[in-house]
Amino acid sequence: MNILKKVTGTEVYKGLNSTQKTFAITKTNLEKIKHGLTVAKNIGLIKWKAMCGFTQRNISIVEEIHTSELILEEIKENQPKKESHV
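In terms of this note's numbering, the numbers along the sequence shown are unbroken and rise by one, the last being 86.
Please keep in mind that the hints were generated in silico from the structure rather than gathered at the bench. Where a beta carbon is used, it is the ideal one built from N, C-alpha and C, also for glycine. Be aware that a few hints might be false.
Here are the simulated lysine-lysine pairs, DSSO-like style, with alpha carbons at most 27 Å apart [to be verified]:
(1) K41 - K21
(2) K27 - K76
(3) K41 - K27
(4) K49 - K6
(5) K32 - K47
(6) K41 - K76
(7) K14 - K27
(8) K81 - K49
(9) K47 - K27
Pair by pair, the computed Cβ-Cβ distance ranges are [as the list claims (entries may be wrong)]:
(10) T22 - N78: 37 to 45 Å
(11) E74 - T28: 15 to 23 Å
(12) G44 - M1: 17 to 25 Å
(13) M1 - F23: 30 to 38 Å
(14) P80 - T22: 39 to 47 Å
(15) E83 - K49: 37 to 45 Å
(16) N42 - M1: 28 to 36 Å
(17) M1 - Q79: 13 to 21 Å
(18) L72 - K14: 36 to 44 Å
(19) G53 - P80: 41 to 49 Å
(20) T67 - K21: 18 to 26 Å
Make the full structure from the sequences, and use the hints.
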């Protein structure tokens, strides 16, 4: 899923007014959010939040996407493996 769909699917985005939504999905802002997600995945969300310098809105968006991706990964890992019949 691309970053635009991830951002527009968050509850944070859905709660913004139209002007805030416009700013949230600018190319520059989406690139910042994407970079923030990458760093948060590498060093951890707590460390990233302490050093990121993002606006609270972007922190909340990154936090929501990061958390939902972790949950999805955990669900995939806990699903029983399908046996292949070769």
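Q. What are the numbers of the hints that this structure violates, sorted from low to high?
A. Result: hints 2, 8, 11, 13, 16 and 18 break, sorted rising.
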